[in-house]
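J.: Spelled out, the chains give:
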Amino acid sequence: MKEKYLIFAEALTTEDVNNSDITVQTTTALVDPVSLLNATSGSDGIIEVQLKDHADHDWGSHYGTPTAGDYVTIPHQGFTVHASSGIVTIVEKSADGVYGVALSSTAGNNDFRFNLLKHVDGGTLACFPASKFKGMQTVDADETDLYFEAGTGDLDAVDVIKVTHGANKYKELAEMVNDAMSSAKSGAAIDFFVGGSTAAGTATIIDALTFNGNPAGITSVDVQLD
Amino acid sequence: MKTYYFSETSPADAAGDAILLPQSTFLNMDVLSATSIIMQFKKIDGTHDNSHITITHAAGKAIDAMRALAAAMAGNTKFNVIDLVEVANLHPVTSAPIISAITITI
Numbered sequence: 005m006k007e008k009y010l011i012f013a014e015a016l017t018t019e020d021v022n023n024s025d026i027t028v029q030t031t032t033a034l035v036d037p038v039s040l041l042n043a044t045s046g047s048d049g050i051i052e053v054q055l056k057d058h059a060d061h062d063w064g065s066h067y068g069t070p071t072a073g074d075y076v077t078i079p080h081q082g083f084t085v086h087a088s089s090g091i092v093t094i095v096e097k098s099a100d101g102v103y104g105v106a107l108s109s110t111a112g113n114n115d116f117r118f119n120l121l122k123h124v125d126g127g128t129l130a131c132f133p134a135s136k137f138k139g140m141q142t143v144d145a146d147e148t149d150l151y152f153e154a155g156t157g158d159l160d161a162v163d164v165i166k167v168t169h170g171a172n173k174y175k176e177l178a179e180m181v182n183d184a185m186s187s188a189k190s191g192a193a194i195d196f197f198v199g200g201s202t203a204a205g206t207a208t209i210i211d212a213l214t215f216n217g218n219p220a221g222i223t224s225v226d227v228q229l230d
Numbered sequence: 541m542k543t544y545y546f547s548e549t550s551p552a553d554a555a556g557d558a559i560l561l562p563q564s565t566f567l568n569m570d571v572l573s574a575t576s577i578i579m580q581f582k583k584i585d586g587t588h589d590n591s592h593i594t595i596t597h598a599a600g601k602a603i604d605a606m607r608a609l610a611a612a613m614a615g616n617t618k619f620n621v622i623d624l625v626e627v628a629n630l631h632p633v634t635s636a637p638i639i640s641a642i643t644i645t646i
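If you're matching them up, the sequences are chains A and B in order. Taking this note's numbering, I'd label the letters of the first sequence as residues 5 to 230. Taking this note's numbering, I'd label the letters of the second sequence as residues 541 to 646.
If we strip away everything but chain B, and leave its shape as in the complex, we get:
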């Protein structure tokens, strides 16, 4: 089973700093603004809601950020725990890393 790791800070040492979500709970991505998209997952506490990750990216690069994240999620990896932001920024679809920050909403 693949899992996706997100961390607002490193090391993660306080409540809400990081989250690990299984691939099977990923619902979709939507654009929020010129500089942000949202990744939505089934709510971590099991209620009929979502947990989401807000991705801050370079202006006007929503579709590039989505493509980079989708490629990171779909790619072959040595490990099943995928640090999505790290992988997406290491192998961006454009020439430079495009994700600058994330916000976790559990």
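This is chain A alone, in the form it adopts within the complex:
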């Protein structure tokens, strides 16, 4: 039988940081560790930075007239990312009249949102060959663990993909897994479940990718590597 390669990815994270000045510290809730962010994370399209508009804000010409309360996306020209600390610094309007923004002097009026647009941290995106699948078992009505031989090479351990799916959809999930591993599709990887955005509203929305129309109603996966 031809080998198949299944891709699993967790949802892309988002983090709100409220009450900040122009230097905003992201945390491991967004990327773990934050040192995976660096100076090109904005221009590379790894993260998206948004600021909730407030009447106190003075925006550069790029932004027009935002609606108070909306999260406004700041292009990468409007912020910098530290090489390793996860700190994002907003460019002030006085330095860049186009992409800069003058924040409120009241920290409570400066609420930021960070959206991860790519998978960059270990254990959030993985690819397994079907031949290393060891089985799957129910955890509860809407969760199932898929087991694969551990990538560490430890014969006493496994890598686990915890799948959250529709209630009582274990059999549908089993059929999905079987179909993916015996798929007539060859010459390409199989996106079994690639999580999309958790952000909403004015954020860049990336839809989740699912295999075969998602009959099991998968809503998320948790990649648990040995």
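Since the hints were derived computationally from the structure, they do not count as laboratory data. We put the CB at the ideal spot given by N, CA and C, even for glycine.
Interface residues of chain B toward chain A, partial, derived using beta-carbon atoms under 10 Å:
{"hint": "1", "residue": "K582"}
{"hint": "2", "residue": "D589"}
{"hint": "3", "residue": "L609"}
{"hint": "4", "residue": "V633"}
DSS-like cross-link-like pairs, simulated, lysine-lysine; straight-line CA separation at most 25 Å:
{"hint": "5", "chain 1": "A", "residue 1": "K6", "chain 2": "A", "residue 2": "K138"}
{"hint": "6", "chain 1": "B", "residue 1": "K583", "chain 2": "B", "residue 2": "K542"}
{"hint": "7", "chain 1": "A", "residue 1": "K173", "chain 2": "A", "residue 2": "K138"}
{"hint": "8", "chain 1": "A", "residue 1": "K6", "chain 2": "B", "residue 2": "K583"}
{"hint": "9", "chain 1": "A", "residue 1": "K97", "chain 2": "A", "residue 2": "K56"}
{"hint": "10", "chain 1": "B", "residue 1": "K542", "chain 2": "A", "residue 2": "K6"}
{"hint": "11", "chain 1": "A", "residue 1": "K138", "chain 2": "B", "residue 2": "K542"}
{"hint": "12", "chain 1": "A", "residue 1": "K138", "chain 2": "A", "residue 2": "K166"}
{"hint": "13", "chain 1": "A", "residue 1": "K175", "chain 2": "A", "residue 2": "K138"}
{"hint": "14", "chain 1": "B", "residue 1": "K583", "chain 2": "A", "residue 2": "K138"}
Fit chain B to the known structure of chain A by using the hints.
T.: Chain B alone, transformed into the frame defined by chain A:
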């Protein structure tokens, strides 16, 4: 039997420059950073550990690199020895080659 060939340099003329691994020993791929993923294989010396290849790719292209490598591994080939990086870069899922370097850890 398919085998996968990896070379840090060409020609491979020093210890650790290149490695050939059988398909049956491939365990998984995981993301390491914005510009790198890791391919893990059963340890070449038979111990309960892994040998791995670190793949350096264009920023933010982890899933594209995985797809390209998986396609190279799954594809029909004239020869059973597949130079994975070469094949993945010749037939990338995006418009341009995305793998720029590899590091072999035996």
